[in-house]
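Sequences listed follow chains A and B, in order.
Under my numbering, think of the first position of the first sequence as 1, with each following residue one higher.
Under my numbering, think of the first position of the second sequence as 1, with each following residue one higher.
Derived from the structure by calculation, the hints contain no laboratory data.
The model shown is predicted, which means the values in this text are computed figures rather than measured ones.
Hints may contain errors.
Below, in silico cross-link-like pairs of lysine-lysine (DSS-like), each with a Cα-Cα straight-line distance of 27 Å or less [unchecked claim]:
| hint | chain 1 | residue 1 | chain 2 | residue 2 |
| --- | --- | --- | --- | --- |
| 1 | A | 241 | A | 476 |
| 2 | A | 174 | A | 241 |
| 3 | A | 238 | B | 300 |
| 4 | A | 56 | A | 238 |
| 5 | A | 198 | A | 241 |
| 6 | B | 183 | B | 122 |
| 7 | A | 238 | A | 92 |
| 8 | B | 300 | A | 198 |
| 9 | B | 29 | A | 139 |
| 10 | A | 131 | A | 174 |
| 11 | A | 287 | A | 327 |
| 12 | A | 137 | B | 122 |
| 13 | A | 137 | B | 183 |
| 14 | A | 131 | A | 56 |
| 15 | A | 137 | A | 7 |
| 16 | A | 287 | A | 7 |
| 17 | B | 300 | A | 241 |
| 18 | A | 139 | A | 170 |
| 19 | B | 41 | A | 139 |
| 20 | A | 287 | B | 29 |
| 21 | A | 476 | A | 327 |
| 22 | A | 492 | A | 327 |
Listed below are several chain B residues computed to face chain A (Cβ distance under 8 Å; list not exhaustive) [what the hints assert, rightly or not]:
| hint | residue |
| --- | --- |
| 23 | 31 |
| 24 | 36 |
| 25 | 56 |
| 26 | 246 |
| 27 | 304 |
| 28 | 332 |
| 29 | 335 |
Every residue gets a Cβ at the ideal spot worked out from N, C-alpha and C, and that includes glycine.
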Amino acid sequence: MSVLTGKELRIVGFLCNWCSYGGADTAGTARASQPTDLRIIRVPCSGRVNPLFVLKALINGADGVLVSGCHPRDCHYSSGNFYARRRLELLKEYLPIIGINPDRFEYTWVSASEGQRWKNVVTTFTDRIHKLGPAPKWKDVTPRYDLPTELLDFIRPLGCGENPFLPDLKQAIKDALATPPATESGDDRPLEGVLGWKRGYDPLKAEPVFMRTPEEVDELIWGPFNVHNLANYLPQYKGRKIGIVVKSCDSKAVVELLAENLIRREDVVIFGMGCNGTVSEGRIRAKLPAEVRDLPIEAVQGKGSTMTLTVAGKQYEASMQDIAQDKCRHCPRPNGFINDIFVGAEVANAQPPADGRSAALRFLDAMSLEERMSFWKGQMERCIRCYACRSACPMCVCRDHCVSDSRDPQWLTQEDDVTQKLFFQLIHAQHLAGRCTGCGECQRACPMGIPVFALKQQFGRMIGKIFGYAAGVDPKATPPLLTYKVEEANIKERDLS
Amino acid sequence: MSDFRFATPDALLGWLKTLSNSHRLLAPKPEGPATLFRPWKAEELTDLEPLLRRATASPKGAVLPACETLVHFTATKDADKPASLNATLEAPCEAEPTVLFGGRPCDARGFVVLDRPYLQGKFQDPYYGARRAATVIITQACPSARPVCFCHWVGSHPADSEGSDILFTAVDGGFVLEGISDKGRALLDTAGFANAADKADEVKAAHDAATASLPPVCDLQDAPAKVAARFTDADFWTQETVKCLSCGACTYLCPTCQCFTITDEGTPLDGRRIRSWDSCMSPQFTLETSGHNPRAEKFKRMRNRIGHKFSYYPQTYDGAFSCVGCGRCVASCPVALDIRHIVTAACADNAAEKE
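With the rest of the complex left out, here is chain A (with noise of 0.2 Å):
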């Protein structure tokens, strides 16, 4: 047993090769005395710590994790740590929604001549974990059950009525299916068929249909059960020529797949109409009484803000501010991002509200850092692993190639561990850093009710707040994690010696 055991803390250093292994070994030549807590993993830039290295390492139980690379305009390869910094920034801005110090990470710059400022890295860094003192191990974590409650207002009004332009929509749909719409790209190949939704099986229900004939559109609905981000589907029809009916939060999924070439402009044509709002299942079923509550419901009528359930030949009512989604009730653009065919009256705009944060991120933020671990760690123990947010997301196109899947390298075990669950819905969050057009049909989907939207929400607010950017509003755009700048406007350097 080494004379240090117990003494020594673990932290793990991604070092560059070209500078800053370079400076640790300028340091150890001049025989410069320095902590040995930290074990050193040399990499060929900083540009290629990913940041899920350090989420791994730090989910697993490292005390720090310190990345170090070449100074900023020094890099061997000319930009790979202009791209580490913004992914880096944006790492350290996230990791406290998971309940993790983000003093425990750092990353800084030191070039291979710079062997007494790298020892000064190293020692301030391990005092400074050292005064942290070893981080809190998940499984001693008492986990917590309670979730978010609190049902925000609406920026503007939702409804669950009937929308009076629907009929006027599948006569849209109709026609292009019959004769192929003209359009900006002037593609004029016929439509394969329509995405849109009917009724499901239960009166709560929708589900997605592919409409090829006129009989499907008339099958066609839109209202608060049209739930699902249709988006998804999009991405595995590329080349051939589809429809899609959309709302306007999923018409951001269509614009970021744009955006990121996933799918062709030709390719697709897209049906709006102005949304008054969606609803979640569960809150219905919640606002039943419990008698009734598993029962089947007989029928569902909608008129303005209020919704009739009737179930066992009695009548129940339910208000919009009971049963919206959440993402519904702050949402301030109704008409679609992208449209080809926009049929009916707009819904009116509004200004987005002054306190953007959802209900989830509004009670995590009031939580300690402690409290949050407790949290997540009581969340994701009911996690089955199906994955179901994984492939409700519209924005997770590698599909049958996901990275969690693969057994070399090795992301995750097969375990039913709590970290493991976990890191999953951190690789799902960190790949969709920049991308996330914010539908949360990866919650929706949750057969356990895990609130794993809010792992996405906590990137989609850093980088606004970092980079001022918002996914799935221009097709032109580029994601802020896919570019650089010299100077960057609000990532201040980091200096640790």
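Could you slot chain B onto chain A? The hints should help.
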């Protein structure tokens, strides 16, 4: 001699408290918006209501956990022979005495479906077998059907006792418990509940009311042959799976899905060979090392899932379906895909097309 016993809610709760001291008591427990079979401690048992709820996920894990260590292996250097390693293998095959309380008849029948591949035939699974033997299943007769329920399609009903050791029915003022198996009767005898032969009519009335609440039945007698005959109809399966997202929610919630994968985790010097649930809806399920995947498309995966439940399994095990009609896959599907619809469609159109 009737095996009916009557217990007031308090008496039943008291008995469960006693059982929780000597057994692992698994019963429905609310966790967030979901309800799961979780261990209960005596001091947590203050109200019977949560234990009577319908669970979001099946109780399959009580006997076939989502993940279990089959072998724990370690290797240490041999001081005398530096070139060799001393390997140790430990195969923990322990089973805690368990009471599984509050499942529904469909849940209990799920174990009967699992028993056939795991315990019948040439090889028995010792891990599964040990847990199965150590588990007493106390089932709640369903008070009413949900819209997604279809246990009567697959040869069952809301008061089916198949697979249960004790079946209890809510009646006026309490519950009537009926010992079904020897194991169940022996356990029930320890409770000291009063004989309730006089409540037989009340129990029957409750069972009849539950049966009456079921949606119309569909005869699946010909399903094994008809689903098998559908095998080559790629258009049918493609059409039926257009909206499927190819996630695994249906299979992981299912009380009868029985497939697993085996992986080694840890390091060669200190690791675990674990068995964990697998899902045929995942493309990795059939991915071969060559890179070839016989079920690369989602329609082939869905065809396998339906085929296994309604055709292959019944053909192997005397016509028994490997679906108990609990409806969890329907209720929790993110795109409202309805297995009932696929099965009826597979059976219905087939004959017409053959003409």
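Each hint tested on the structure:
1. A:241 <-> A:476: Within the cut-off at roughly 21 Å; holds.
2. A:174 <-> A:241: holds (15 Å)
3. A:238 <-> B:300: Holds, at roughly 21 Å.
4. A:56 <-> A:238: Given pair residue 56 of chain A, residue 238 of chain A is violated - Cα atoms ~34 Å apart, limit 27 Å.
5. A:198 <-> A:241: holds (21 Å)
6. B:183 <-> B:122: holds (25 Å)
7. A:238 <-> A:92: violated (36 Å)
8. B:300 <-> A:198: Within the cut-off at roughly 24 Å; holds.
9. B:29 <-> A:139: holds (21 Å)
10. A:131 <-> A:174: violated (68 Å)
11. A:287 <-> A:327: Holds, because 19 Å separates the two Cα atoms, which is no more than 27 Å.
12. A:137 <-> B:122: violated (45 Å)
13. A:137 <-> B:183: violated (42 Å)
14. A:131 <-> A:56: Between residue 131 of chain A and residue 56 of chain A the Cα gap is close to 22 Å, so the pair holds against 27 Å.
15. A:137 <-> A:7: It holds: about 17 Å lies between the C-alpha atoms, which stays within 27 Å.
16. A:287 <-> A:7: Violated - the C-alpha atoms of residue 7 of chain A and residue 287 of chain A are around 56 Å apart, more than 27 Å.
17. B:300 <-> A:241: Holds, at about 24 Å.
18. A:139 <-> A:170: This hinted pair is violated, its Cα atoms lying about 55 Å apart.
19. B:41 <-> A:139: holds (20 Å)
20. A:287 <-> B:29: holds (20 Å)
21. A:476 <-> A:327: holds (25 Å)
22. A:492 <-> A:327: Given that 27 Å is the threshold and the Cα spacing comes to 32 Å, the pair is violated.
23. 31: Because about 5 Å separates residue 31 of chain B from the closest Cβ in chain A, which is inside the 8 Å limit, the hint holds.
24. 36: holds (6 Å)
25. 56: Cβ of residue 56 of chain B sits 6 Å from chain A, so the hint holds.
26. 246: holds (6 Å)
27. 304: violated (16 Å)
28. 332: holds (4 Å)
29. 335: At 5 Å from the nearest chain A Cβ, residue 335 of chain B passes the 8 Å test, so the hint holds.
The structure shown violates the earlier hints numbered 4, 7, 10, 12, 13, 16, 18, 22 and 27.
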